[in-house]
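*Asks:* Chains Y and W are the protein sequences, given in the same order.
Using my numbering, you'd call the opening residue of the first sequence number 69 and step up by one each time.
Using my numbering, you'd call the opening residue of the second sequence number 48 and step up by one each time.
For the record, the hints were derived by calculation from the structure and aren't laboratory data.
Mixed in with the good hints, there may be bad ones.
What the hints assert, rightly or not - Subject to a maximum C-alpha distance of 25 Å in a straight line, what follows is the list of computed DSS-like cross-link-like pairs (lysine-lysine):
| no. | chain 1 | residue 1 | chain 2 | residue 2 |
| --- | --- | --- | --- | --- |
| 1 | Y | 332 | Y | 264 |
| 2 | Y | 110 | Y | 176 |
| 3 | Y | 263 | W | 64 |
| 4 | W | 82 | Y | 346 |
| 5 | Y | 332 | Y | 346 |
| 6 | Y | 255 | Y | 176 |
| 7 | Y | 176 | Y | 155 |
| 8 | W | 64 | Y | 346 |
| 9 | W | 64 | Y | 255 |
| 10 | Y | 263 | Y | 346 |
| 11 | Y | 179 | Y | 198 |
| 12 | Y | 319 | Y | 264 |
Said to hold, decoys possible - Pair by pair, the computed Cβ-Cβ distance ranges are:
| no. | chain 1 | residue 1 | chain 2 | residue 2 | range |
| --- | --- | --- | --- | --- | --- |
| 13 | W | 53 | Y | 194 | 30 to 38 Å |
| 14 | Y | 233 | W | 85 | 41 to 49 Å |
| 15 | Y | 201 | W | 70 | 48 to 56 Å |
| 16 | Y | 187 | W | 60 | 32 to 40 Å |
| 17 | Y | 421 | W | 63 | 12 to 20 Å |
What the hints assert, rightly or not - Reference excerpt, derived from the structure (chain W facing chain Y, CB under 8 Å, subset only):
| no. | residue |
| --- | --- |
| 18 | 86 |
| 19 | 89 |
| 20 | 90 |
| 21 | 92 |
| 22 | 95 |
| 23 | 100 |
| 24 | 102 |
| 25 | 103 |
These numbers were taken from a predicted model, which means no experiment stands behind them.
Glycine is no exception: its CB is placed at the ideal position from the N, C-alpha and C atoms.
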Amino acid sequence: MRKENIFKILLAGLFVLVSLNLNAQEAQEETSGKIDTKSGVKEFVDHHLKDSHYFNFFSDGEKGEHYGIALPVIIWDQGLKVFSASKFHHGEELVELDGNYYKLYHSKIYKTGPEGIIEYGENHFPTNEKPLDFSITKNVTAMIFVALLMFLMFWALAKNYQKRSIPTGFSRFLEPLVLFIRDDIAKENIGSNYKKYMSFLLTVFFFILILNLLGLTPFGINVTGNIAVTFGLALITFIIVQFSANKQYWKHIFWMPGVPIPMKIVLMPIEVLGILTKPFALMIRLFANMMAGHVVVMSLLGLIFVFQNWIASPTFFGFTIFISLIELLVAFLQAYIFTLLSALYIGMAIEVHDDHGDDVPVI
Amino acid sequence: MVGAGLIVIGAGIGLGKIGGSAMDAIARQPEATGKIQTAGIIFAALLEGIAFAALFAT
């Protein structure tokens, strides 16, 4: 009986998740005919996929009102300037500060003249100057929130372990995950020296996992689908691998032992490229999986409103639920794969082989 | 558009081969199912990474 109840609760929770996504679109649908729905859908999708300086909860398309939190904008333009993003009024107004004019265009801040004209170069990319943008945007807020959440969760877990050997409460959910990372990912791939790297692997796994799961919620928080974020994570992995590599690792790259000399010279550039492509693939894999998933879910949601008839909309609703379930699986899977591959690369870097012998084998 | 179709064909064939060999391996040795599943999922994710990256580039 209890298993059935749990399954029903989970299913109800999933329905709530997807239907909350739908609610966020409703306001825009009421105003318009078919053409406006398409551009409204495009706007909705863009808002969910891109970073922005304004944490938008929901908008009312008719009145043009947006309800949410305006985040601080911190830019460096010969001096630090801090102001609230509400001054931009969603890209409509020009902000004047100390004689400089700033305009928000497609979620980037450009410096313009007093009329607020954005000049386009080739390929329709704006050529205005951009100040250095250190703002606390939606993605940064989400990352700070996740960092705080993780800190609280693991602090509670550690305190729990101090009192008793088997934890109670929420820590019971975290313990198998942590043990899984320790046994199947760290010990397997890194070997006996795994404790040094456990904190990194745990951090990366839970960070990516929680951010992926947050992306499935209706607030349009798409952090891991942002290539800058995944670039940062891959860069950290790259740095850790290179700095913990031992002499054998470098020897294998530049002068692979046990192989005839012409092969060594051919292998060297390939191996050097390999140092770079492995974290690059990590970055692209996480970014592309998350971005593609979000695009598919958002597009299917939008299709429900573009085809407004009795047969198409329920089928698209069904598709959306199905794809959201797959996205849930992909969220866990991508976090696991990133962590596993990072552990694998670290393991390869600190591994001590038995001697290959430098001789060419005689057949 | 044709490119996207080719990419999906490539991913499909690759995943099919992985799945096929996973099935064969499980048939030979049912006790190792857990390990084979894990390895299968890892290879599938690696393949999907390439497929998605290529899909994005088109």
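*Asks:* If a hint holds in the structure, say so; if it doesn't, say that too.
*Replies:* Now the hints, each set against the structure:
1. A distance of roughly 33 Å separates the Cα atoms of residue 332(Y) and residue 264(Y); the hinted pair therefore is violated under the 25 Å criterion.
2. Of the pairs offered as hints, the one joining residue 110(Y) and residue 176(Y) holds, with about 18 Å between alpha carbons and a cut-off of 25 Å not exceeded.
3. With a C-alpha separation of about 37 Å, the suggested pairing of residue 263(Y) with residue 64(W) is violated against the 25 Å cut-off.
4. Restraint check: the Cα-Cα separation between residue 82(W) and residue 346(Y) comes to about 24 Å, which is no more than 25 Å; the hinted pair holds.
5. For the hint pairing residue 332(Y) with residue 346(Y), the CA-to-CA distance comes to about 21 Å; that is within 25 Å, so the pair holds.
6. Only pairs whose Cα atoms come within 25 Å are accepted, and residue 255(Y) paired with residue 176(Y) is rejected, the gap being roughly 44 Å.
7. Distance restraint check for residue 176(Y) and residue 155(Y): the Cα-Cα separation of roughly 14 Å lies within the 25 Å cut-off, and the hinted pair is therefore satisfied.
8. With a C-alpha separation of about 24 Å, the suggested pair residue 64(W) and residue 346(Y) falls inside the 25 Å cut-off, and the hint holds.
9. The straight-line distance between the Cα atoms of residue 64(W) and residue 255(Y) is roughly 30 Å, outside the 25 Å bound, and the hint therefore fails.
10. The hinted pair formed by residue 263(Y) and residue 346(Y) meets the criterion: a straight-line CA distance of about 23 Å does not exceed 25 Å.
11. For the proposed pair residue 179(Y) and residue 198(Y), the alpha carbon gap of about 6 Å is at most 25 Å, so the pair holds.
12. For a cut-off of 25 Å, the pair hint linking residue 319(Y) to residue 264(Y) stands: about 23 Å separates their Cα positions.
13. Separation of residue 53(W) from residue 194(Y) is about 34 Å and conforms to the stated range, judged on CB atoms against 30 to 38 Å.
14. A beta carbon spacing of about 29 Å between residue 233(Y) and residue 85(W) contradicts the range 41 to 49 Å that was offered as a hint.
15. Taking the beta carbon of each, residue 201(Y) and residue 70(W) are about 51 Å apart, inside 48 to 56 Å as hinted.
16. A beta carbon spacing of about 48 Å between residue 187(Y) and residue 60(W) contradicts the range 32 to 40 Å that was offered as a hint.
17. Taking 12 to 20 Å as the suggested C-beta distance range, the pair residue 421(Y) and residue 63(W) does not conform, at roughly 35 Å.
18. Interface restraint check: residue 86(W) against chain Y, minimum CB-CB distance 11 Å, threshold 8 Å, status violated.
19. Taken as an interface hint, residue 89(W) checks out: its beta carbon lies about 7 Å from the nearest beta carbon of chain Y, inside 8 Å.
20. Checking residue 90(W) against chain Y: minimum C-beta separation of about 10 Å lies over 8 Å; hint violated.
21. Interface hint at residue 92(W): satisfied, since its Cβ lies 4 Å from the closest Cβ of chain Y, which is below the 8 Å cut-off.
22. Because the closest C-beta pair between residue 95(W) and chain Y is about 7 Å apart, less than 8 Å, the hint holds.
23. With its C-beta approaching chain Y no nearer than about 5 Å, residue 100(W) sits inside the 8 Å limit, and its interface hint holds.
24. The beta carbon of residue 102(W) comes within 7 Å of a beta carbon in chain Y, closer than 8 Å, and the hint placing it at the interface holds.
25. With 8 Å as the threshold, the beta carbon of residue 103(W) comes within range of chain Y, its nearest partner Cβ sitting at about 5 Å, so the hint holds.
Comparing the model with each numbered hint stated earlier shows that hints 1, 3, 6, 9, 14, 16, 17, 18 and 20 do not hold.
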